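Those protein sequence lines, which keep their order, are chains C and D. If you read the first sequence in the working numbering, its first letter stands for residue 172, the second for the next number, and so on. If you read the second sequence in the working numbering, its first letter stands for residue 172, the second for the next number, and so on.
Be aware that a few hints might be false.
Stated by the list, open to error - Here are some of the chain C residues that sit facing chain D, going by a computed Cβ distance under 10 Å:
1) G299
2) P333
3) I380
4) N581
5) H635
6) L867
7) H869
8) R928
9) A936
I should point out that these hints are in silico values taken from the structure, not numbers from a laboratory. On a predicted model such as this, the values are computed, not experimentally measured, just so you know. For glycine and all other residues, C-beta sits at the position ideal for the given N, C-alpha and C.
There are 2 protein chains.
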Amino acid sequence: MPQHSQATDQDLRLLDAYWRAANYLSVGQIYLLDNPLLEQPLTIQHVKPRLLGHWGTTPGLNFIYAHLNRVIARDDLDMIFICGPGHGGPGVVANTYLEGTYSEIYPEIARDRDGIRRLFRQFSFPGGIPSHAAPETPGSIHEGGELGYAVAHAYGAAFDNPDLIVACVVGDGEAETGPLAASWHSNKFLSPRIDGAVLPILHLNGYKIANPTILGRMTDEELLRLFEGYGYEPHFVEGSDPALMHKAMASTLDIVIDRIQEIRRASREDGAASRPRWPMIILRSPKGWTGPKEVDGLKTEGFWRSHQVPLSGLAQNPAHLALLETWMRSYRPQELFDESGQLIPELQALAPKGTLRMGANPHANGGLLRQELVLPDYRDFALDVPHPGGSNGEATRAMGELLRDVIRLNADARNFRLMGPDETASNRLDAVFEVTERVWMEDILPEDVHLAAEGRVMEVLSEHLCQGWLEGYLLTGRHGLFSCYEAFIHIVDSMVNQHAKWLKVSRDLPWRQPISSLNYLLTSHVWRQDHNGFSHQDPGFIDHMVNKKADIVRIYLPPDANTLLVVTDHCLRTYDRINVIVAGKQPAPQWLDIDQAMAHCAAGIGRWDWASTEGDEEPEVVMACAGDVPTLEAVAAVELLLAHLPRLRIRFVNVVDLMTLQSKTEHPHGIEDDHFAALFTRDKPVIFAFHGYPQLIHRLTYKRPNHDNFHVHGYREEGTTTTPFDMVVLNELDRFHLAIAAIDRLPQLGAAGDRARRLLQGRLAEHRDYIRQHGADIPDVADWSWPSRGTAASFD
Amino acid sequence: MPQHSQATDQDLRLLDAYWRAANYLSVGQIYLLDNPLLEQPLTIQHVKPRLLGHWGTTPGLNFIYAHLNRVIARDDLDMIFICGPGHGGPGVVANTYLEGTYSEIYPEIARDRDGIRRLFRQFSFPGGIPSHAAPETPGSIHEGGELGYAVAHAYGAAFDNPDLIVACVVGDGEAETGPLAASWHSNKFLSPRIDGAVLPILHLNGYKIANPTILGRMTDEELLRLFEGYGYEPHFVEGSDPALMHKAMASTLDIVIDRIQEIRRASREDGAASRPRWPMIILRSPKGWTGPKEVDGLKTEGFWRSHQVPLSGLAQNPAHLALLETWMRSYRPQELFDESGQLIPELQALAPKGTLRMGANPHANGGLLRQELVLPDYRDFALDVPHPGGSNGEATRAMGELLRDVIRLNADARNFRLMGPDETASNRLDAVFEVTERVWMEDILPEDVHLAAEGRVMEVLSEHLCQGWLEGYLLTGRHGLFSCYEAFIHIVDSMVNQHAKWLKVSRDLPWRQPISSLNYLLTSHVWRQDHNGFSHQDPGFIDHMVNKKADIVRIYLPPDANTLLVVTDHCLRTYDRINVIVAGKQPAPQWLDIDQAMAHCAAGIGRWDWASTEGDEEPEVVMACAGDVPTLEAVAAVELLLAHLPRLRIRFVNVVDLMTLQSKTEHPHGIEDDHFAALFTRDKPVIFAFHGYPQLIHRLTYKRPNHDNFHVHGYREEGTTTTPFDMVVLNELDRFHLAIAAIDRLPQLGAAGDRARRLLQGRLAEHRDYIRQHGADIPDVADWSWPSRGTAASFD
């Protein structure tokens, strides 16, 4: 039962005028340098020298935006707009300009003739704005450039925002991508009671760059089935006649908004529990709608030729210039803007007011709404470590307890979610299930465990969805963490690129408020793929991340549980960053008590005195390490070295914050060169046991003093389903290889070194044989623990 | 009208016995070290010390495999099996063992008691085999470890294999991934006339590691709609009672095989042109089917608790050990294997014979079927380059002509395809459309261009699909190339990881024949994103690739059209590699004629005399470059330097084959250190203009002589929609910055250097101003061309 007025013919006429204004401003952005209101006949001097931009999707976006304005203004809806079609920049910019937000944020783009001229000029112009909806675009949380993430972002924005409607336009090109195809299933994870609504608008204009699209050519019957299968209630709006289309779109929007309100009522008032069939709109409209029908005798409107700039080569082709003028004048700008270049009051009145304008909705500038997380005292979860190696523990289990209390303390704020591809429990974060559940809107069976329609944990076997949801959640001002198998985080390499780019640009926009960092826990890492083997081994995500801008990226390799607690606490407090934490889940020796952990993490890198034997002299060799398994092997290597070469002066250095290794000039966390030399010496061999690909350490340290003496052991792309120790042996990261590597660089050891090397090689061979025969590690390696030695001095 | 016999009750009883044998062998692989036929009571000594493997999906896979055997043997079907569920290793291994292929390939795993003992022992055991269907598994072209690519691989295998049926099992976990969700649309690209059939079997066992699955909990009604929407004809087989399920599966398989043959007939005999509705099977069976119903009072069969090893801690828990024995004996092994451990003849008779066995089908060891491509003479497409810089050309356009002739010359063999996300024409490879079309099974409208049901070009806006199709195509013995926007190739980072791992393992298996290389053309690269800006800029894929095993990866950065022709020709001749070619599509100066290009590419790296001014003395500075835009800027920088410092001795070095830079010990293409020093000197500054992230050059050369003097300019993650020259300026890769960088390292230039620096800085500022004001590059940069100088000597 609609509680609102339907659109009258007069409403629709005004809407059409508003749409024409948006289309006019869109074409103007692509083409014009000057003569913004076409007060003079158009000449080539008014046209940009380089025509960059995309017309094809824009009129459809403008159509949608104008119609959404109508229902927002009428019903005071809290709505944001996600523009999936990457090339829709001119449309979103035009609309936020028309509604006034653009000029509020960028006063130099005023609501007058000169403002329009600047608006046109800046588009895809050096020093101006990009051609996509981007961080620079008011109301955007989504850079559509890459395609594939619109729906995931939309759901991320809707979670825990019960009053919000996220209108999400998906282009039919984007709809071909994998991430988008999976995203439709996000409706299985959205609670109509505590979450907002996503209104997908599948905008089929039928063409990509030079091809029809899959969904664009499917029949309505197949589309209907597909989206009903996905769990939606599709409503079609199809055609090309503007008058008919306005009517159809207005009445369809009335229906779907009603339907959303009904679903909310049913859930929130009547307690309906089952997953509702959310409405969606399938809008078929011509590509390049209202643009030139034909150019040079070739079909253009309603075809892929209108994808980019339908008319080009204007300087050489006066007919094209004339066609452009005819096209632009077809919107009748003089009816839309007054002499000063202001949108006429009748049209201004159509836009929603204040923060109801989609360009001004604070959800789309999430930092405005962001509340700090309430964090527990991480010391409460500290493992007791009476002395280094004096206890065993599972690092991620301790982190799980911390996260449990984060969830508990912020339960009322509903602003923290934990994402993961079905691995929260297997990654030993399961303490969180003491206070929350996994979100699940499908049927729940009696035997099911920790499933509920509402919860803080989101598990789906799609890293794309985890990433996309979390990005949407963070961009609208909330907090979260994504826990993932280390190897498979590469699945989102390209997504994280886009997020890093978004953050880089946003940081330079004073009006964009900081958002919470994107936090990763990468666990079930390369060294402990006992069950899964080679296909699950890849520590290269951190290599990928260090290509990003230094202000954005932090990489932590805590060696044990207490350092992981400190690092997690830190990451949850940061903003506008991407924090990557790599930590194992398996039982392992613990090295630092919580105070030591705090001090070590604060420094990011440091000497561990208890594992060093240099005394007051300079060491002969530095044993360095980063990562939990490498740290264990490095400590064990020190013990082996001392067993055979008791007077060797070893320094032990552990790195938690990987970026400390890079030069200060390259990364803000980089330590000074003097500090680096004080740690790693100026001329002694450094044996570096590294979690990832060895080259990364070389890459980070190539400018550093003593770099030529760095010998890095790490993952060499060798592995299979085998024992944990065999894995490190296969990659020469084990204690024996590390100890031998040290001896190899210490010719001054002479015969004693040769003897030690032979003994170590013999023991390595024994271990290998034992593993092959028994399928398990020899007990003295498997159960190895660092003897309590008190202080470094006791080594000698 | 079925033309074949249906399964009798006796057939089904035997099928059940065969299934029990496969299940028995699967459980044995997970658990047993010894006592393989349970001839003695089971003791803990017979059990593996570490239990690694996954039971949950296995019985369903065994069920499917056994039923496929029946129809293959009956109808002499040419069929391969793709095992999407990663954790199905034990099942595929068990089945290929039962059918005999396993022992033929691995004679030590004989068809007797000791063979079974070894079969059990090797599974997930050090030195043994991995837990997934993997390269080691006969009949596999698919490592299911990561999940998401099964259907794309299946379609890739089916293209141009008209008699093949690719049975493709998709787990319901995998079905949640994005790439898989998009892959269902592959049916829009498969011609029933010239391509084989894909028979998807969506295997819903309902659970992932610790959660229900989305598709597993959907109703049949929603599933039906979803897959009808995707264009399939779903057939459901659902239940848990083996006898009923055998009956249902057998009759359903009869129907779907008939349906496939009907579709083929309709297309090939009756000329039906429209896209058919291919059949698929939706099989709902319990997870861990036939395993323990409950363990420790908790539901196990039909629940996620049977995902991995349902019974564990056997040494401490005799009840679990007893349960294991009961479970294994429930398959009645003594009825299945004779005393020597041979499968009884009645069951052996069920398997297809020879190469009809899915483990022995040559399509699954594609190198066996691979024919060399017939390649044109690339010189035919060479650009005329009268002198360096003496002509302009679009590199990829020349490559397109070469590819056109590759397609033409191999048209009858139908063994080459070109994949890309809708960019073949925009990447200027459109010469191929002179001889072929884009594949498109949907309706074709009068205005459509170069679409046809059959063609060599496959365009879909999903890099995942392009990659997955091409992998499947190559793995079954064909050839191809994937052309992609450089930035968005990161979308498949994780897929290419898996392919690189596959190649690494396959190379060490003598029975796996080499397959054609996976060739990438990365174009529309970082420096020429004039339309798209920052979101489309990322040259980091090559960083990702250099982490792979050196034998696998080659990276080429041809500086112009003729070098691109040589490199392309070379890549198309290689096998078992991943070749990455980065080349631009925009008009640019050409440097080398085809003979010079051939010589330069053969060396991979070399001095360009015509751009060098060292004469007989050692140079004062080396200007090095890799990539087309960097080469242009480096050449222009030399010209600027000489204009201001005419006596400067410059050496110009260009790198085509990036891996020449790495040490010989690290990569087979690495040049010797002496050669490196002869090129880059031992102590002179090297200004290196690089296409990608500068760190990659440091990483490749950190062990090289003179590395400390390398100053690399490359992409610094700065960009937006702007002019091409502004892009290089933003990243300090432009000619002015390069020239200034050289001067900065040449203090001996004194006042002359200072003067030159000031002049260059002034010109840089001029250019910046011009760009900001005019939105275009200043003409002397935009139209810059290298003056014909004849020889290096003429510089002085």
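| query | Can you list which hints this structure breaks, lowest number first? | reply | 2, 4, 8 and 9
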